[in-house]
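As they're listed, the protein sequences go chains A and U. Numbering of the first sequence is given in the working numbering, commencing with residue 1 and proceeding in unit increments. Numbering of the second sequence is given in the working numbering, commencing with residue 1 and proceeding in unit increments.
Simulated from the structure, these hints should not be mistaken for laboratory data. Just so you know, not all the hints are guaranteed correct.
[Said to hold, decoys possible] Here are the simulated distance ranges between beta carbons:
#, chain 1, residue 1, chain 2, residue 2, range
1, A, G299, U, D65, 25 to 35 Å
2, A, T345, U, Q55, 16 to 26 Å
3, U, G56, A, T343, 17 to 27 Å
4, A, E235, U, N260, 12 to 22 Å
5, U, P72, A, T345, 45 to 55 Å
6, A, K334, U, A191, 52 to 62 Å
7, U, K207, A, P117, 55 to 65 Å
Backbone N, C-alpha and C define an ideal beta-carbon position, used for all residues, glycine too.
There are 2 protein chains.
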Amino acid sequence: MQRREFAGTILALGAVAVLPRGLRGLGAAAAPRTVNGARLNAHLAALSEFGKNPQGGVSRVAYSDADKASRPYIMQLMRDAKLDVSVDAAGNIMGRRAGSDASLKPILFGSHTDSVPEGGMYDGDVGSMGAIEVAQSLAEQNITTRHPLIVVVWQNEEGGLWGTHAATAELTPAELATVSRSGKTIREGIAFLGGDPDHLERTRLTKGSLAAYLELHIEQGGTLEKEKLDIGVVEGIVGIHQWNVTIDGFQNHAGTTAMNDRHDAMLSAARFIEAVNRVVTSEPGRQVGTVGRINALPGTVNVIPGKVECTLEIRDLDAKKIDSLFAKVEAEAKKIGAMNGTTFTFAQFTNNIPAPTSPAIRAMVAASAKELGLTYKTMPSGAGHDAQDVAQICPVGMIFVPSVGGISHAPKEFSKPQDITNGANVLLNTLLKLDAA
Amino acid sequence: MQRREFAGTILALGAVAVLPRGLRGLGAAAAPRTVNGARLNAHLAALSEFGKNPQGGVSRVAYSDADKASRPYIMQLMRDAKLDVSVDAAGNIMGRRAGSDASLKPILFGSHTDSVPEGGMYDGDVGSMGAIEVAQSLAEQNITTRHPLIVVVWQNEEGGLWGTHAATAELTPAELATVSRSGKTIREGIAFLGGDPDHLERTRLTKGSLAAYLELHIEQGGTLEKEKLDIGVVEGIVGIHQWNVTIDGFQNHAGTTAMNDRHDAMLSAARFIEAVNRVVTSEPGRQVGTVGRINALPGTVNVIPGKVECTLEIRDLDAKKIDSLFAKVEAEAKKIGAMNGTTFTFAQFTNNIPAPTSPAIRAMVAASAKELGLTYKTMPSGAGHDAQDVAQICPVGMIFVPSVGGISHAPKEFSKPQDITNGANVLLNTLLKLDAA
Numbered sequence: 001m002q003r004r005e006f007a008g009t010i011l012a013l014g015a016v017a018v019l020p021r022g023l024r025g026l027g028a029a030a031a032p033r034t035v036n037g038a039r040l041n042a043h044l045a046a047l048s049e050f051g052k053n054p055q056g057g058v059s060r061v062a063y064s065d066a067d068k069a070s071r072p073y074i075m076q077l078m079r080d081a082k083l084d085v086s087v088d089a090a091g092n093i094m095g096r097r098a099g100s101d102a103s104l105k106p107i108l109f110g111s112h113t114d115s116v117p118e119g120g121m122y123d124g125d126v127g128s129m130g131a132i133e134v135a136q137s138l139a140e141q142n143i144t145t146r147h148p149l150i151v152v153v154w155q156n157e158e159g160g161l162w163g164t165h166a167a168t169a170e171l172t173p174a175e176l177a178t179v180s181r182s183g184k185t186i187r188e189g190i191a192f193l194g195g196d197p198d199h200l201e202r203t204r205l206t207k208g209s210l211a212a213y214l215e216l217h218i219e220q221g222g223t224l225e226k227e228k229l230d231i232g233v234v235e236g237i238v239g240i241h242q243w244n245v246t247i248d249g250f251q252n253h254a255g256t257t258a259m260n261d262r263h264d265a266m267l268s269a270a271r272f273i274e275a276v277n278r279v280v281t282s283e284p285g286r287q288v289g290t291v292g293r294i295n296a297l298p299g300t301v302n303v304i305p306g307k308v309e310c311t312l313e314i315r316d317l318d319a320k321k322i323d324s325l326f327a328k329v330e331a332e333a334k335k336i337g338a339m340n341g342t343t344f345t346f347a348q349f350t351n352n353i354p355a356p357t358s359p360a361i362r363a364m365v366a367a368s369a370k371e372l373g374l375t376y377k378t379m380p381s382g383a384g385h386d387a388q389d390v391a392q393i394c395p396v397g398m399i400f401v402p403s404v405g406g407i408s409h410a411p412k413e414f415s416k417p418q419d420i421t422n423g424a425n426v427l428l429n430t431l432l433k434l435d436a437a
Numbered sequence: 001m002q003r004r005e006f007a008g009t010i011l012a013l014g015a016v017a018v019l020p021r022g023l024r025g026l027g028a029a030a031a032p033r034t035v036n037g038a039r040l041n042a043h044l045a046a047l048s049e050f051g052k053n054p055q056g057g058v059s060r061v062a063y064s065d066a067d068k069a070s071r072p073y074i075m076q077l078m079r080d081a082k083l084d085v086s087v088d089a090a091g092n093i094m095g096r097r098a099g100s101d102a103s104l105k106p107i108l109f110g111s112h113t114d115s116v117p118e119g120g121m122y123d124g125d126v127g128s129m130g131a132i133e134v135a136q137s138l139a140e141q142n143i144t145t146r147h148p149l150i151v152v153v154w155q156n157e158e159g160g161l162w163g164t165h166a167a168t169a170e171l172t173p174a175e176l177a178t179v180s181r182s183g184k185t186i187r188e189g190i191a192f193l194g195g196d197p198d199h200l201e202r203t204r205l206t207k208g209s210l211a212a213y214l215e216l217h218i219e220q221g222g223t224l225e226k227e228k229l230d231i232g233v234v235e236g237i238v239g240i241h242q243w244n245v246t247i248d249g250f251q252n253h254a255g256t257t258a259m260n261d262r263h264d265a266m267l268s269a270a271r272f273i274e275a276v277n278r279v280v281t282s283e284p285g286r287q288v289g290t291v292g293r294i295n296a297l298p299g300t301v302n303v304i305p306g307k308v309e310c311t312l313e314i315r316d317l318d319a320k321k322i323d324s325l326f327a328k329v330e331a332e333a334k335k336i337g338a339m340n341g342t343t344f345t346f347a348q349f350t351n352n353i354p355a356p357t358s359p360a361i362r363a364m365v366a367a368s369a370k371e372l373g374l375t376y377k378t379m380p381s382g383a384g385h386d387a388q389d390v391a392q393i394c395p396v397g398m399i400f401v402p403s404v405g406g407i408s409h410a411p412k413e414f415s416k417p418q419d420i421t422n423g424a425n426v427l428l429n430t431l432l433k434l435d436a437a
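Pulled out of the complex, with its shape left as it was, chain A reads as follows (with noise of 0.2 Å):
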């Protein structure tokens, strides 16, 4: 009831004022479309079924026969919603809707349906359905586009967006080997779909082929539900970089080696993880600093270790902060190995560049939530996504919906109905307005 209030207000500050130049041809007076949220729901329950958990929530891993079964439904979903469909080499879903002017190059939207193993019914599924619910409705109301229609699932988001990577980028042949969670590697993988991995090139979007690419998606952490705000305007997908760290010291007996004549790794690791926290949290910001995974050898009880390998990863939406928080933690770590005559060494074997969204589309995806009555706030996404590879061929925007208690990859990932409806209506609002534009 609250929200049906401040969009009251906002309709009547009138929105035109604070629209991009490109958007002010739409009126301000335009009432929102709407989405039909309890279909789009059923969709997304009906989808869950493939691969369900005992639990909750889905193990729909890409390459596995869960996920594949899912498929066929949805197609059947793209085409009762008059798209028209087809697996591109990649291995992507595409359902194709024309617009009314055959010159101007495709918007494109959608998201993901593979998951994480026992993950949740949430990451991936609500920007696929809630795309797959634009194009019905749009068909519903006979609205016909200026540009053309794309609605995009993309396979194999989470193992490493390798989807939109054979979209808009060549693979090389390691990659094509690389070895997936479902055991296929992905040129195995592509096949299995039911895509062309000889002939990826016939599937390339190339840079400026496309008009823009919209994804809805739940937000995976617990800044909106914390806030009490019904949307998220993605002002960019953080930078990932990611390290191998490899401390080096002296195994040793635990029992004969005096606590001064140790170089005991895991001590300095212990030294280091503590100092990640600290390097990354001095600052103001929404950097993140962390170490997930650790193993120390030989990993007995009674041996002190003589190394330990961990991993290291800092995201940003600032490339810049990200380097200069790395030197940060590697001038800890040189001074930490010198305590115990230890030494440190870091692989980087990620490299994500930021990807900032479109300032246009930041300003859309807030005039439609606006429109709609919705509370909204710009935020980075700590995630990857598959709008991050997408961006580097076209504009890009991210809608973000909340999810109940930050929890994502896990069976307990939840978003209420009402917050995905919001969200699709959102996603459909954007797209006429780009569309407009």
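We have chain A; now place chain U onto it with these hints.
The following block gives chain U in isolation, referenced to the frame of chain A:
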């Protein structure tokens, strides 16, 4: 050379004044006996052929083929030393020699010959070969002791003192079913070595049934080498308390969960490991504390660990000190958990009480070293030894010789031939003092 001069000085001063009452009958002027050091070191080299590692040292894990293959060689050495050889019900090798007074209790001396995987050729072997060499020297020098003597080679010390445990206590069915490193259960291992696991009571060494137990061993630490000393007079074997530590936090997405919203079990583990080091080094003494094993769950670069499992080990000669250090560690853990909403659980799985050696035997070891012109110091054993189990049934004494670089349980484990000979000479003379006491 320096040693010899030192020996002369000590002998000139006369050792009687410092000997305990029972030893005075020996007479200060009695020249110390010596073993055949060249033969002893040749036996050690020959023994190291069984289970030899390509990179040096041995892998002669208890109940392995290499372990079994070495035993006929060991038993032949015992027979060469005029010992009456048998394998007891627990699989320990015993070599007996009659004394002149059948009413006296036997003096037991020896060590073990099993190794850790990729271990060294000195841990246990020096004491076992040293004991046999002492017996052979007695035979060659026509010395008949008053007490009967038993040279023992205990089975499976490295897997948890199983030979001494089976000889001094009743094994539970669960203990007999314990799977050792060889893959065999303790029951299977005992049978494999020619013991009789169904009649362990036949081999039981009851409290008071022995006059004393002596064990020569490498130090396994670097103290003697660093302080340029020949012999360690072991004042006791430290108590070893071991815990499994579980830290429960909350698993969450490493990209979307703000730093101050985290219940990061890894960060708490890091602070805990640092606290263990801080607490243990915060007071004087030779106590040691170690975290040797760690596992973070789910153990992925991009997930905040929801659970960490690690070990804690504290050793000291004083059980009360172990208890007080643990109480401090536990209090630190509580504080650390409160910092970020994680909880610590401690489950103790080892509680080896400290085993002090006999002060009288310590004095005999020291006196023997002095008479031989060797430098020495009194020191705890940070490592566990067969002697700690035998200490439950009779007075025990231990003699340490230096380990180069303090390295043990590794192929690089090394003790100098002269140091090994020195140790056997101290063992021989300590035995004679004990016999005369």
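Against the structure, the hints:
Between G299 of chain A and D65 of chain U, the C-beta spacing of about 26 Å keeps the proposed range 25 to 35 Å intact. Between T345 of chain A and Q55 of chain U the C-beta distance comes to about 24 Å, which sits within the given range of 16 to 26 Å. Range check, G56 of chain U to T343 of chain A: Cβ separation about 25 Å, and the 17 to 27 Å hint holds. Against the hinted window of 12 to 22 Å, the Cβ-Cβ separation of E235 of chain A and N260 of chain U comes to about 20 Å, which satisfies the hint.
For the pair P72 of chain U and T345 of chain A, the beta carbons lie near 48 Å from each other, so the given range of 45 to 55 Å is met. Distance hint check: the CB atoms of K334 of chain A and A191 of chain U are about 55 Å apart, consistent with the given range 52 to 62 Å. The beta-carbon spacing between K207 of chain U and P117 of chain A, approximately 56 Å, falls within the hinted interval of 55 to 65 Å.
Comparing the model with each numbered hint stated earlier shows that all of them hold.
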